[in-house]
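Chemist: Whenever a hint applies, use it, and build me the whole structure from the sequences.
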Amino acid sequence: MNSAKKYGGIEYFRLAAAFLVVAIHCSPLESYSAVGDFILTRVLARTAVPFFFMVTGRFVLDDRGKAVRFLRRTALLYAACIVIYLPLNIYNGELPGLRELLLDGTLYHL
1 MNSAKKYGGI
11 EYFRLAAAFL
21 VVAIHCSPLE
31 SYSAVGDFIL
41 TRVLARTAVP
51 FFFMVTGRFV
61 LDDRGKAVRF
71 LRRTALLYAA
81 CIVIYLPLNI
91 YNGELPGLRE
101 LLLDGTLYHL
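The opening residue of the sequence shown carries number 1 in our numbering; numbering runs sequentially from there.
These are calculated hints, taken from the structure and not from any lab test.
Only a predicted model underlies this, so the values are computations on that prediction, with no experimental measurement involved.
A virtual CB, placed ideally from N, CA and C, is assigned to each residue, including glycine.
Each hint should be verified, as a subset may be incorrect.
[Stated by the list, open to error] Estimated spans, in silico, between C-beta atoms of each pair:
hint, residue 1, residue 2, range
1, R72, Y32, 41 to 51 Å
2, A34, A67, 16 to 26 Å
3, A67, L88, 28 to 38 Å
4, I84, P50, 19 to 29 Å
Modeler: As structure tokens, this is what we get:
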């Protein structure tokens with residue numbers, strides 16, 4: 001039996017936020033209306049990522065051990081992304097300093 005507690009309202013908002021994240025990346029209204037696309041992707045859809053952070057914080061931070069594991073894995077993924085993109089930045093002549101590398105990473109496209 002599954003003992004996980006369900007939060008129906010949050011699940012619906014997560015689904016809507018997932019569609020908004022897709023909209024950010026594909027500009028679905030661009031061919032119909034530049035203003036409509038701007039409002040959807042640059043205004044409304046920008047709430048999706050902070051929403052995911054808040055929901056993750058709500059569920060992950062309930063258990064301190066789980067939070068530490070989550071932060072460790074996230075830091076490892078961040079470091080891996082920096083290492084993966086570093087050769088591309090060097091090739092483009094954009095070698096950041098240590099401060100910029102740690103705070104901004106090499107993920108210039110995000």
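Chemist: The structure should be examined with respect to each hint, and the outcome stated for every one.
Modeler: Okay, the hints, checked on the actual structure:
Distance hint check: the CB atoms of R72 and Y32 are about 44 Å apart, consistent with the given range 41 to 51 Å. Distance hint check: the CB atoms of A34 and A67 are about 42 Å apart, inconsistent with the given range 16 to 26 Å. At about 32 Å, the CB distance of A67 to L88 agrees with the hint of 28 to 38 Å. Between I84 and P50, the C-beta spacing of about 25 Å keeps the proposed range 19 to 29 Å intact.
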